[in-house]
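Colleague: Chain by chain, the residues:
There are 2 protein chains.
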Amino acid sequence: MAYIAVDLGGTNIRAARCAEDGRILARAQTPTRPEEGVEAVIARIIGAIEAVWTDEEPVEAIGVGAPGPLDPQTGVVLTAPNLGWENVPLADRLRERFRVPCFVGNDANLAALGEWKYGAGRGHEHLVYLTISTGIGGGVITHGVLLEGAHGLGAELGHIVLEAREGPRCGCGRTGCLEALASGTAIARMAREAWARGEPVPWPDPSAVTAADVAEAATQGDPVAAVIMDRAAFYLGVGIASFWHIFNPTLIILGGGVMKTGDWFLEKIRAYARDRAMTSDYITPIVRAALGDDVGVLGALAYAQMRLPLSKAL
Amino acid sequence: MAYIAVDLGGTNIRAARCAEDGRILARAQTPTRPEEGVEAVIARIIGAIEAVWTDEEPVEAIGVGAPGPLDPQTGVVLTAPNLGWENVPLADRLRERFRVPCFVGNDANLAALGEWKYGAGRGHEHLVYLTISTGIGGGVITHGVLLEGAHGLGAELGHIVLEAREGPRCGCGRTGCLEALASGTAIARMAREAWARGEPVPWPDPSAVTAADVAEAATQGDPVAAVIMDRAAFYLGVGIASFWHIFNPTLIILGGGVMKTGDWFLEKIRAYARDRAMTSDYITPIVRAALGDDVGVLGALAYAQMRLPLSKAL
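Chains as they are written, first to last, in my numbering: chain A, 13 to 326; chain B, 13 to 326.
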């Protein structure tokens, strides 16, 4: 029995044929090119699936991780700003073409599920996953259940508020969210703000500075960059302490581009989190994600494996 | 089949014999008097249970809601500052005496469970409950599961951080928690601070002012009290928006003494929460708790009903 797993991102579409135990048997990848429109992207998803499809063993189901918000029950992508999509019935389209069950879930939730089943979170029934990248996405396993919420909109952990009264504007339109304080976008914004304040920044063109530039400069010892990365680590730590108090998990997993920064950054996050824990009973390991670029497809696999028996029981 | 439900509070012990459907068939109440020591309190719990016990129908189980932190698996109260307890094996003590299964859970979690099964939350598989009193306690039902966390320490919703950098000291020892910004204790502290700043407060002795005094003065139109209550409503609203993003529930239930304030206060909380929701899809009704003083025993009943079949399955 095989599964097809699809990771639909703003830049790339990855598809894989997977075995029940998580082995990836075949892979395909193609650029997303969302600017070419919904139909062109769906055609490329179908093409990537066809490239890994086999007629030699039955395909049980297709799992797809997609940018949200989306409705996991119907598999409709409601709005995906990165793709320019609105109300796209992705699960129905793939079911019509391939005639197997198809399940579409939020990419960050599925990443948490993938790390739980196949990565850093194996054996944990309570874990919190954060992907710290352009934005901050979250996923939660609590009591062995993927927390999706009533309408699939839950686990938006990047949008807990940490500075209620005087926080910076967030991409979501509100202010003071974790994402506005510690994401790659926030790190780059803090670098531009430092430059605007006249601080001696090490970047020739501060308007084009990226979080990776800031992280690299901090690693090299630049004091302005170090203060910015320390600020991001502080807010990640305070956010993690809140998640400890809310979920009492046994593990925190951190992924995403910002976590490619050296171990000193992870150590800072751990120290700030421990400092804000109510008691030492809440403190758990805070570890890096383990699945790398495969997290999307392995999360989609795990999601199809989770949903399929439930859908048969209905 | 009957259940015994016990609500162990810092002031009173309430016990009830309940039917499977939530009807309370007999009640007993006695002062807790924690200053008399652990054994005296346990003796009074046993006395209250004996007062409602019947030999006419079998008792299935005893459920107890107790102040945390405690270990729901073993029924040991780890530390309860209100009671002066440390490592008290409450479930074992009651099991020895009454020879029926006994389950001990965190009082705020059980209150959420009680409101879900018998109160304002009936029919909701995803809800968040807050009790706003001296402190702020929380309880969460997500995907039809009571969120207790790996070691029973979860759903401490009063200890999410809303002012990470410059928040007031919390009872938990950290700073900027929701509890430090919007509990009854926080409201009274803000009144004392307003007095210390020389604002024209309406209370003759500001050192003894209570949250109820501030709420009453605000209801009567006092401007200083109105600003304080507005501040508390603001933080409750921002916290609720964070819970919407985390849990995507279909209902928020608010209980506790501070919520005895008039509807204008609830309306303010609703407005601030709506204002901080990422999108209107997250917005749900925010309603008052329905069970009043019975929430403790009905929560303990619901907890015994939840745990009993699971314990038999082991």
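Please keep in mind that the hints were generated in silico from the structure rather than gathered at the bench.
By construction, the Cβ of each residue, glycine as well, lies at the ideal position given by its N, Cα and C atoms.
A hint or two may mislead.
To be verified - Straight-line C-alpha distance at most 25 Å; calculated SDA-like pairs for lysine to any residue:
#1 B:K129 / A:E178
#2 B:K129 / B:V236
#3 B:K129 / B:A206
#4 A:K280 / B:G21
#5 B:K280 / A:E178
#6 B:K280 / A:D67
#7 A:K280 / B:E178
#8 A:K129 / B:H155
#9 A:K129 / B:S145
#10 B:K324 / A:R186
#11 B:K280 / B:K324
#12 B:K324 / B:G21
#13 A:K280 / B:C184
#14 A:K324 / B:V157
#15 B:K129 / A:G49
#16 A:K129 / B:E178
#17 A:K280 / A:K324
#18 B:K280 / A:T187
#19 B:K272 / B:H163
#20 A:K280 / B:P180
#21 B:K129 / B:G185
#22 A:K324 / B:D225
#23 B:K324 / A:H136
#24 B:K129 / A:H155
#25 A:K280 / A:P212
#26 A:K280 / B:R177
#27 A:K272 / A:Y284
#28 A:K324 / A:T187
#29 A:K280 / B:R186
#30 B:K280 / A:G156
#31 A:K324 / B:G156
#32 B:K272 / B:K324
#33 A:K129 / A:E108
#34 B:K324 / A:C184
#35 B:K280 / B:G185
#36 B:K324 / A:K129
Unchecked claim - Covered stretches of chain A (in silico footprint by chain B; criterion: 3 or more residues with CB under 8 Å from a CB of chain B, positions within the stretch not fixed):
#37 25-38
#38 58-71
#39 95-101
#40 172-178
Colleague: For each hint, tell me whether it holds in the structure or not.
Modeller: We went through each hint and held it up to the structure:
1. As the CA atoms of K129 of chain B and E178 of chain A are separated by approximately 39 Å, the hinted pair breaks the 25 Å bound.
2. Proximity of K129 of chain B to V236 of chain B is assessed by CA-CA distance (about 40 Å); at most 25 Å being required, the pair is judged violated.
3. Under the criterion of a C-alpha separation no larger than 25 Å, the hint pairing K129 of chain B with A206 of chain B is inconsistent with the structure, at around 42 Å.
4. A threshold of 25 Å between alpha carbons decides the hint, and for K280 of chain A with G21 of chain B the separation of about 40 Å lies outside it, so the pair is violated.
5. As the CA atoms of K280 of chain B and E178 of chain A are separated by approximately 20 Å, the hinted pair is consistent with the 25 Å bound.
6. Annotation: proposed proximity of K280 of chain B to D67 of chain A is violated, straight-line Cα distance about 60 Å (limit 25 Å).
7. Proximity of K280 of chain A to E178 of chain B is assessed by CA-CA distance (about 20 Å); at most 25 Å being required, the pair is judged to hold.
8. Note on K129 of chain A and H155 of chain B: the hinted pairing holds, with a Cα-Cα distance of about 20 Å set against a maximum of 25 Å.
9. Between K129 of chain A and S145 of chain B the CA atoms are separated by roughly 40 Å; this puts the pair beyond 25 Å, and the hint is violated.
10. A C-alpha spacing of about 48 Å is found between K324 of chain B and R186 of chain A, which places the hinted pair above 25 Å, so the restraint is violated.
11. Restraint check for K280 of chain B and K324 of chain B: not satisfied, since their Cα atoms lie roughly 46 Å apart, outside the 25 Å limit.
12. Taking the CA atoms of K324 of chain B and G21 of chain B, the gap is about 29 Å. The hint is violated against a cut of 25 Å.
13. Between K280 of chain A and C184 of chain B the alpha-carbon distance is near 23 Å, which keeps this suggested pair within the 25 Å criterion.
14. Distance check on the hinted pair: K324 of chain A and V157 of chain B sit about 22 Å apart at the alpha-carbon level, within 25 Å; holds.
15. Between the alpha carbons of K129 of chain B and G49 of chain A the distance comes to roughly 48 Å, so the proposed pair goes past 25 Å and is violated.
16. A distance of roughly 39 Å separates the Cα atoms of K129 of chain A and E178 of chain B; the hinted pair therefore is violated under the 25 Å criterion.
17. For a cut-off of 25 Å, the pair hint linking K280 of chain A to K324 of chain A is broken: about 46 Å separates their Cα positions.
18. For the suggested pair K280 of chain B and T187 of chain A, the alpha carbons sit about 19 Å apart, so the restraint of at most 25 Å is met.
19. Restraint check for K272 of chain B and H163 of chain B: the C-alpha separation of about 33 Å exceeds 25 Å, so the hint is violated.
20. A distance of roughly 23 Å separates the Cα atoms of K280 of chain A and P180 of chain B; the hinted pair therefore holds under the 25 Å criterion.
21. With a C-alpha separation of about 34 Å, the suggested pair K129 of chain B and G185 of chain B falls outside the 25 Å cut-off, and the hint is violated.
22. For the suggested pair K324 of chain A and D225 of chain B, the alpha carbons sit about 57 Å apart, so the restraint of at most 25 Å is broken.
23. Simply put, K324 of chain B and H136 of chain A have alpha-carbon atoms about 24 Å apart, close enough for the 25 Å limit, and the pair holds.
24. Only pairs whose Cα atoms come within 25 Å are accepted, and K129 of chain B paired with H155 of chain A is accepted, the gap being roughly 20 Å.
25. With a CA separation close to 23 Å, the supplied pair K280 of chain A and P212 of chain A stays within the 25 Å bound.
26. Of the pairs offered as hints, the one joining K280 of chain A and R177 of chain B holds, with about 16 Å between alpha carbons and a cut-off of 25 Å not exceeded.
27. Pair hint K272 of chain A plus Y284 of chain A holds up; C-alpha atoms about 19 Å apart against a cutoff of 25 Å.
28. Pair hint K324 of chain A plus T187 of chain A does not hold up; C-alpha atoms about 43 Å apart against a cutoff of 25 Å.
29. Note on K280 of chain A and R186 of chain B: the hinted pairing holds, with a Cα-Cα distance of about 18 Å set against a maximum of 25 Å.
30. The hinted pair formed by K280 of chain B and G156 of chain A fails the criterion: a straight-line CA distance of about 37 Å is larger than 25 Å.
31. Restraint check for K324 of chain A and G156 of chain B: the C-alpha separation of about 20 Å stays at or below 25 Å, so the hint holds.
32. Simply put, K272 of chain B and K324 of chain B have alpha-carbon atoms about 40 Å apart, too far for the 25 Å limit, and the pair is violated.
33. For the suggested pair K129 of chain A and E108 of chain A, the alpha carbons sit about 29 Å apart, so the restraint of at most 25 Å is broken.
34. With a C-alpha separation of about 47 Å, the suggested pairing of K324 of chain B with C184 of chain A is violated against the 25 Å cut-off.
35. For the hint pairing K280 of chain B with G185 of chain B, the CA-to-CA distance comes to about 29 Å; that exceeds 25 Å, so the pair is violated.
36. A C-alpha spacing of about 28 Å is found between K324 of chain B and K129 of chain A, which places the hinted pair above 25 Å, so the restraint is violated.
37. For the segment 25-38 of chain A, the proposed coverage by chain B is not satisfied: 0 residues have a C-beta within less than 8 Å of a C-beta in that chain, short of the threshold of three.
38. Only residues whose C-beta sits within less than 8 Å of a C-beta in chain B count toward coverage, and the segment 58-71 of chain A has 0 of them, not enough to reach three; the restraint is violated.
39. As drawn, the segment 95-101 of chain A meets chain B at 0 residues by the rule of a beta-carbon pair under 8 Å; below three, the given contact is violated.
40. Under the rule that three or more residues need a Cβ within less than 8 Å of chain B, the assignment of the segment 172-178 of chain A holds, with 6 such residues.
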